[in-house]
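Q: So you can see what is in the structure, the chains are spelled out below.
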Amino acid sequence: MEDLSQAFIDVAHLMLTGMIFVFCFLGLLVIFIKVILSKLAIRFPDTTNLQPAHSGISLRSDDTASGLSETATSQSGLPGHENNQQKNSLSPHIVAAITSAIKQYRLQDASRKKQTSKEEE
Amino acid sequence: MEDLSQAFIDVAHLMLTGMIFVFCFLGLLVIFIKVILSKLAIRFPDTTNLQPAHSGISLRSDDTASGLSETATSQSGLPGHENNQQKNSLSPHIVAAITSAIKQYRLQDASRKKQTSKEEE
Amino acid sequence: MEDLSQAFIDVAHLMLTGMIFVFCFLGLLVIFIKVILSKLAIRFPDTTNLQPAHSGISLRSDDTASGLSETATSQSGLPGHENNQQKNSLSPHIVAAITSAIKQYRLQDASRKKQTSKEEE
Amino acid sequence: MLSLNQLWQSTGIANLEPGQFIMMLVGCGLLYLAIGKKFEPLLLLPMGFGAILTNIPIAGFSETGGLLHYIYGAGISTGIFPLVIFMGVGAMTDFGALIANPKTLFLGAAAQFGIFATLFGAIALNLVPGIEFTLKDASAIAIIGGADGPTAIYLASKLAPELLGAIAVAAYSYMALVPIIQPPIMRLLTTDKERQIEMAQLRSVTKIEKIIFPTGVLLLTILFLPAATPLVGMFCLGNLMRESGVVDRLSSTAQNELINITTIFLGLGVGSKLSAHAFLNIKTLGILALGAVAFSIGTASGILMARLMNRFSQTSINPLIGAAGVSAVPMAARVANKVGLKANPHNFLLMHAMGPNVAGVLGSAVAAGILLALVGES
Amino acid sequence: MLSLNQLWQSTGIANLEPGQFIMMLVGCGLLYLAIGKKFEPLLLLPMGFGAILTNIPIAGFSETGGLLHYIYGAGISTGIFPLVIFMGVGAMTDFGALIANPKTLFLGAAAQFGIFATLFGAIALNLVPGIEFTLKDASAIAIIGGADGPTAIYLASKLAPELLGAIAVAAYSYMALVPIIQPPIMRLLTTDKERQIEMAQLRSVTKIEKIIFPTGVLLLTILFLPAATPLVGMFCLGNLMRESGVVDRLSSTAQNELINITTIFLGLGVGSKLSAHAFLNIKTLGILALGAVAFSIGTASGILMARLMNRFSQTSINPLIGAAGVSAVPMAARVANKVGLKANPHNFLLMHAMGPNVAGVLGSAVAAGILLALVGES
Amino acid sequence: MLSLNQLWQSTGIANLEPGQFIMMLVGCGLLYLAIGKKFEPLLLLPMGFGAILTNIPIAGFSETGGLLHYIYGAGISTGIFPLVIFMGVGAMTDFGALIANPKTLFLGAAAQFGIFATLFGAIALNLVPGIEFTLKDASAIAIIGGADGPTAIYLASKLAPELLGAIAVAAYSYMALVPIIQPPIMRLLTTDKERQIEMAQLRSVTKIEKIIFPTGVLLLTILFLPAATPLVGMFCLGNLMRESGVVDRLSSTAQNELINITTIFLGLGVGSKLSAHAFLNIKTLGILALGAVAFSIGTASGILMARLMNRFSQTSINPLIGAAGVSAVPMAARVANKVGLKANPHNFLLMHAMGPNVAGVLGSAVAAGILLALVGES
Ligand code: NA
Ligand code: NA
Ligand code: NA
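Residue numbers (our numbering), protein chains in the order written: chain A, 1 to 121; chain B, 1 to 121; chain X, 1 to 121; chain C, 1 to 378; chain V, 1 to 378; chain S, 1 to 378.
For the record, the hints were derived by calculation from the structure and aren't laboratory data. Source: prediction; values computed, not measured. Errors might be hidden in some of the hints.
Stated by the list, open to error - Below, in silico cross-link-like pairs of lysine to aspartate or glutamate (EDC-like), each with a Cα-Cα straight-line distance of 20 Å or less: (1) S:Lys38 / A:Asp3; (2) C:Lys338 / C:Glu194; (3) C:Lys37 / B:Asp46; (4) S:Lys37 / A:Asp46.
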């Protein structure tokens, strides 16, 4: 029992220390963002078009695309970043265009297949 | 010689035991399929469209496509399965078609860019 | 000091040996290419269309495409190369269809963007 | 017929112990949750399968020379697998929402109260006969409240390896249950009016901010809590690879192939800790109960913090996004969005909830570091 | 000119032993088979290359500190590489054809007679002076008849590591030779009329069946043959990842990157066992001969079983598909299809042959388990 | 308030040593070069990050049980990581330009003079008080002149592990600086007229040549320099996988996922060698200076060799392509192309420069083998 009450005291200490530390630490991060990052944002604004930015969800398609399209060998034996421009030129609106093209194609294809299978019968 | 004949007897045992076991084991699987799986198939029929199914050859393109298109982070730090529907409606043929279409487009685009840059000079 | 002059002599040896060796080795490679490879090239000419060939930069798109489209399981549990034909046979008219779809869309898109940007101004 | 007897002696039927059988059922249960209920399938499927494999008699998967023995030894007892996965998570995380609204960091901080409060609960369970949790055990259990799988596995492997199986099961199960656990608490602790609060559009965040952010996080962790740097460091490395834009190849691999390969083996390795001996005792029930408590307290404290902040903040804060502070990315943010939409059809909280959501990841990594620093040594 | 002499002493010419030279030629031969003849190139190319590397004097690839030494020790002597590959094979395998026509499991069972009959042959070869095969050796050799690469490598690494190189060479070579070995046997054992038999269209198989199937296979293996669970278990894990539909990321990685990476290192590691000492002796000739015997007997017994079943079955069975029971997926099924088409241009057997084909994979994994259980311990 | 004091004792502030702080700044500097200047980011980013992590007090990244300790031990001190990367580089390399114009091999040979001349410099630095370079150290440093990352790391890990960090930093930094270092030397050593020389179109190269080439290279290396076979062998394996056309799956994986995964860990592992103790001394300055010398001498000797060959060759050779002989693929070839274009707008040297460029890779691997053979043993 004595041990247990000692343990409770230890845990209380731990909880207090922990929560204070977590708040201080993340509070420092708030200050870091508000003081340093916001200044950096002003000094080095994005030169390219604005990004949609505030999403916690990763859109990997670009990364993947680059992973598939990078081609050159480099000193470290790894492709560099030469075709970034090309990569970026595959914009979402082209993707959208293709998507609709696919839909159209699928409709055509489906009807053609139906015809074919009927003919085979 | 004696050793060898003992070895032959051992091997005969092994062969008999082995073949009986293999037949029993795979026979149990036959029963498992006929009794349990077929009942499951009736109780839980596929709600989606019928799959072509009986092929021992793996069509990986779907999997790969999903691997490329899944995007959200999850608790385990791994994308979830939200866009399954979208995935299933995109057949490998079409993906391949688009890929090459994009390549062509890029080639055109690149040559056009070259022209443009020459004109700029 | 004595040690150091000994070290310099060692290094001089090393340099001489090394450079001679490197030249001899790569020289042997030159002979290998000129004598053996060139004969092989004549005896086994490429049956397929000529490759653009002389690039030190890797064009991986082919590899990747095949990596994505190979499908069959094999004894080693790895897809083989059986459906190359199918892969290559990706019909040009689908590609053409999508290409033109993209072109059309881009035209539309371009004009729409012009309008939008004018309106924004 | 020597060999027939020998063969019988080598069947599972002749060797299966009841505990092993029950643990296989547990493994099947995990597979059912993964496949039938889509509960965190990426980890629960290999974990459930690992639980089955490790309990097979004779096969010796988790004994010297066994596959799971190698996997566990190489990847989990060393901490490598959870750290590599955390790097991948970092490469998938976009801190934009957090940088645009840094106040939400406090929500992520408040939600960690779920962790520290659970420490109490774990020690209190020592009053139950048959349960004996040391301070290390209690810390490893409490981290379930962090709602972050790799962090929980990492800490458990360091502080209480014999509880790792139960802790991982609890952590991933409750993360999958977030859409069921959180909404009632959210409704209980907020008024309908509060749930209707719409939040101002977030400012756009520049590339330089996103690049410097992970470096800053790492710097602060180095200065104040080096014990958290394995987790925070690998997370920041992944995020820096992502945001720097110069190593897309590596970032893509970290988010895909590398994390996938590691996840398969991590799941199998964690599953190998689901032996009858380690799992079938009253401690596991205690861990499951404490996990639920931890999640609920974390959710509640996040919401209450958000209410408090809403009272004193110039811009209005919808208290629902406080619940996302437990992490469980991105499920908790989605839940906040859904509950918000129900109260007000024009109320899109998803992006706003991503701030506390990713703050919660940092928060629980920091909490894990504190526990390592203060409890790990003793 | 000390260093010139030193340099000469460190050339290969000054150190190359005849055995090493011959083994390099063997390695080149494997490369030729892989590249020129497209014989199982995915394994034979790295294996042939590994054979060359391991025989390089001075370089010490397979000595302590050498690359192949690490690869072999980490991946092959532990059994990890073949098991990971088997998981990938499971993720590539569709059991639909088998579930639609479960009778074909008996064809996969019958074809395993090739394995057990070869045991006899291996022991009989002890009559040849210079050959001494223990029961373990014989078992490791006999598994070549299973026509399944990872299974053969796994079993050989457990029962007869010093024969691993020759066994792997034989297994993969004969698998590549299936289109040459099988057709004569097929024509010998079937009448033209039998070869013309058309089979009824297979029923469609539901998703639930495909999900439950691997679990059921694992369950039966656990109950009756735990020794086979490393192979069967990893195979079923791969298949469950595939069919469950909830972990497509992991399934895709198991089928692609993970299996590719493992294959490169498996090939190199197996090749490292092709040393002159281990390969250049009469045993290797025996192994090659026995492998051919095993394949032929397996093919024959599969066909004869199919003839038998055709006689008693209500629906007609083309005996050709019995030959696919040796596994060698999917080549054996293709061969059956081709021979069938030759006899009857409307006879498409491919899908029907996939049933015994994948049954053969299970069958040889089970046979491997039996050999491990009965011979491995002794 | 025991725990507060304990917490303070576990902060970085209370434990950070000045040397660690400076090394973190060095790590940040590497990150800046990687991200801000795009200096070889694929290696310098993880390396810089590793440098920061390894210098964190208390966290113990590079001590027993630490992440970087495992990474270094498993991948770098064994030589596995650089060799796997070299295999990937081989799979990315097209020897077409070299086979079409084999003379350019001599340019790749000449440029290795940068390596051997630097040996002198390294030994000469022993005259500077505080610097003591053994012959092994000198060799590991001189290989920086090979302008090939994996080769430098491999050799340094074998000959001078404690200098590995500085050598890797120097090697990758100077490779990134090729566009700045080389042009002045090129202009200094060539006349404007020479730079204007146009070269004849290269002949087309057949598939068979490309397949046999890596095998021939390996064969010659086996015969004359087995010590170079780890590097050359893995490179040729990659190239053979690429050119054979029968294992595209493996080739693609070697070029992508496998090399990416390995690069992340290689970078971290090399970074872990950037400790204050090993880096913050005058030796590092010496290494940086010697690296610049090595690059410059290599460039110069390549150019001078090309001028010499141009005088005696029937077909004209533009001396600029000699500079590409240092390797640094493909940057050095691009630089040659760019300088050539400046002198003559119709002068496209890129393809011609790829010949010496890939010859330089072979040349430095051979040079590394010589150093291993002659210095490694002593
Ligand atoms: Na959290
Ligand atoms: Na088989
Ligand atoms: Na070089």
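Q: Hint by hint, say whether it matches the structure.
A: We went through each hint and held it up to the structure:
1. S:Lys38 / A:Asp3: violated, 59 Å
2. C:Lys338 / C:Glu194: Distance ~14 Å between Lys338 (chain C) and Glu194 (chain C) Cα, so the pair holds.
3. C:Lys37 / B:Asp46: holds, 17 Å
4. S:Lys37 / A:Asp46: holds, 17 Å
Going down the numbered hints, you'll see the structure goes against just number 1.
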